[in-house]
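> Listed below, chain by chain, are the residues.
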Amino acid sequence: MVSTPRNLREILGAVTKYELGGPLLALALLVAASSALSPRFLEPYNQRILLLQTAPLALIALGESMIILMGSIDLSPGSTMALAGVVSAAAFRVYGFQLHASLAIGALVGLAVGAVNGLLVTKARIPSFVATLASLVAGRGLVLVLTEGQPIVGLSQYRVLTIELVGVPVMVWLFILFGAINYVLLKRTSVGLLTYAIGGNEEAVRYSGVRVDIVKLVNFSLAGGYYAIAGLMMNARLEVAYPWTGWGYELDAIASCVLGGIMLSGGVGNPLGPVVGAYMLTLLTNVLILLGVNPYLQWVVKGVVLVTAAVALTRGVRYVK
Amino acid sequence: MFKLSSEIVLSTKGIVKEFPGVVALKGVDFDLRQSEIHSVVGQNGAGKSTLVKILSGVYTPTRGEIFVRGVRVRIRNVRDAKKLGITLVHQEATLVPNLSVAENIALALYGVRGTVFARAKEKELLELARNYLELVKLRIDPRSKVRDLGVGERQLVQIARAIAENADIICLDEPTSPLTSMEAKVLFEVMEELRKKGKSMVFITHRVEEVFQIANRVTVLRDGVKVFTEDVSKTSPYEVIKHMLGKELEEFYPPRVEAKSLSRVSPRLRVVSLTTASNGKGVKLEGVSFDVYPGEILGVVGLLGSGKTELGKALVGAQRVVSGEIYVNGVKATIKSPVDALKLGIFYIPEDRRREGLVTQLTISDNIVLPKVFKTSSMSLIRQAQVERSIAGRWIKSLRIVPSDPSFKVANLSGGNQQKVVIAKSLETGAKILILDEPTFGIDIGTKVEIRKLIRSLASEGYSIVLLTSDVDEALALSDRILVIASGRVTNVMENRNLSREILISMLGGQVG
Ligand SMILES: Nc1ncnc2c1ncn2[C@@H]1O[C@H](COP(=O)(O)OP(=O)(O)OP(=O)(O)O)[C@@H](O)[C@H]1O
Ligand SMILES: [Mg+2]
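Quick note, the sequences are listed as chains G and W, same order.
So for the first sequence, our numbering puts the first residue at 92; every next one is plus one.
So for the second sequence, our numbering puts the first residue at 555; every next one is plus one.
Quick caveat, the hints were computed from the structure, so don't treat them as lab data.
All figures in this text were calculated on a predicted structure; none of them were measured in a lab.
The reader is advised that the hints may include incorrect statements.
Claimed, not checked - Going by beta-carbon spacing under 8 Å, a handful of chain W positions derived as facing chain G:
# : residue
1 : S787
2 : R909
3 : L924
As the list claims (entries may be wrong) - Pulled a few chain G residues facing chain W out of the computed Cβ check, cut under 10 Å:
# : residue
4 : Y274
5 : L284
6 : L285
7 : R297
8 : V301
9 : V396
Beta carbons: idealized from backbone N, C-alpha and C, even for Gly.
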């Protein structure tokens, strides 16, 4: 029949017209394929692990997406989450702070690193790539200095983040909550509009008499806060604060954004995309492990998927920066 | 009577172009003869750009046929079109800003001949570029970077590039919009020469008088429909305008009412001996001084590259000022950025709307509320969709922005409608001192009248307006006082009383070169 391919095309066209349509379609295909490949995939136990693994990545992806939507890039998520995790653990174990205070200290560390990034970009006028590269390196260095390279153990009380609430771990609730917050922030607030606008055409926003620098500072700081929460989640999951936590996570964060349909050129993408992207990325790792694929080969597979996503994303886009 | 039977080089039959939610062309039959300049006119959003984009392969039509010299062709992309000898000079500049003029022209050649790797020798390249620049009478160093050129110069380089591509059919989308009448005259000489050499041209313009200066035939589009095609010798500007608007135009320039209340007691904006840093491109201002009073429109008239845009940008802190003072309401002001300027109630409306005026991925409504989104949001944070929509709706109505959907993406608006969005945005800021840089560039006659009326009424409401323009008629129609600027210096300041157009033009011309 002649009409079938055309209909399929029309359906695809209709789905991908919505910003989140493409990523959700890819997710559906991935889930279908995974459950066909591995019967264990859909088991509640596996899904629980999958969601627990997704949670920290989802948070750093959410933070990263705010920066990418602004047309900048943030390379500091991995180091920031480690620093926040380690400082919080040290506050708790070494300095005897209460659990809640320790968690708050961790979050503040993230906000502070983010604020420094923001100041470097806006006040010192350093390109975000370079500024956050410095944070990536210096942040990790700080972690190693603080811990002398040793893990901080005995964080069983951090389990408050992994216990279940209505059958779902608190951590998963958290990432759902922050996904929702991010959505409201980007789609329903003035800061959100300006974030998209700066990513779209910073020059025009500056001529509009808007305080671009403040918006940037706010976004970098909030993103830092998100990374910190991811770091605390890692503490909870492992009950140990490792100095090498989050090593290389900046790339996973960026990859999650790309998979979730956030354009690296800035200004385009759905706020929930990074969550979908983070889930896909984690799922992929999960399935490859279930299938017993060589761990090194897993990286190659991830690379291929990323390229595929990028190609799908940029179809119809005339130029890519 | 005998009729010139000339060969038809290009024709379309029943061209339809649908965009999501908009039908831009509704079955257009169009033809272009050998050695003809065929003008296409119509209001903003009529479908002019869409038509030439289809001819030049930027868009593919939804339905309809295209014939080149009687043969049905399929034009799927720009390359196809170029192979058929059809080139488009875009409404928005499409040069690579960081490359030199010569390299930009060379790029076009590579594109046609497919020899990206065959890099010509620098000397030959420059020689070649010089020849083509000669053809468009542009006396600039081919080694200068495109980003350092003014809007008008870029336009001419684009035309030079089209000629370099050896196109037989050149579509020019509003080439004269950024040009002064003198520069347009130069362009027309170029076009006439090309016509004599056997080239055919589609020429889009908003200035009806230009149709009668240069074109052989004219076609009027209205709402995606061809409503009129006629030899220029058999019609009149009056008739063309009537077809464009679908009704008669009562008054072209609103009569200038001497503002009764205009009492020049204390200036709202006083600029004293403003001098800007020379940054390698454009001109630098030297010792520019003037006052603007409440309710006054100060027309700043100058040619391309005279320093109008620099002045506008310097006033809002977007151009570095080395010396001079600015006083707002008698108080000395420090303006380091547009943020400072807006706080003092000064807003600059840029001439280059795509680059400096709009975020094209966002909607009409988003762009209009952008500068004041903190104010329209509750607690400065939570956006009020209802409020934003009603603000946007009001401007869409009063400036007649088409389509009228506030959530329409600005990227998909026609050029003129984009300009209206920029104007709406600036008026919505509530700034009392408005610096308008070429506010009616690329805007159709009907709306031009509207915008000019609006500027007048703003002044009578007490706004102070600095109108930067190269359109002498616009300056004469609107300004209370006129300041002539050339090479970054003020050469004349005068009351706009009994000033003749010719004298003003000669003042501009006198300072050239
Ligand atoms: N890519 C697009 N997507 C959706 N709609 C579009 C797109 N391009 C143009 N349009 C719509 O098609 C109509 C015709 O636009 P076009 O640019 O051809 O107008 P125009 O006659 O050139 O106007 P102007 O004088 O303002 O340049 C407009 O309503 C415009 O909003
Ligand atoms: Mg147009």
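> All hints, please: hold or fail.
Taking the hints in turn, this is what the structure says about them:
no. : hint : verdict
1   : S787 : violated (42 Å)
2   : R909 : holds (6 Å)
3   : L924 : holds (5 Å)
4   : Y274 : violated (13 Å)
5   : L284 : holds (5 Å)
6   : L285 : holds (7 Å)
7   : R297 : holds (6 Å)
8   : V301 : holds (6 Å)
9   : V396 : violated (26 Å)
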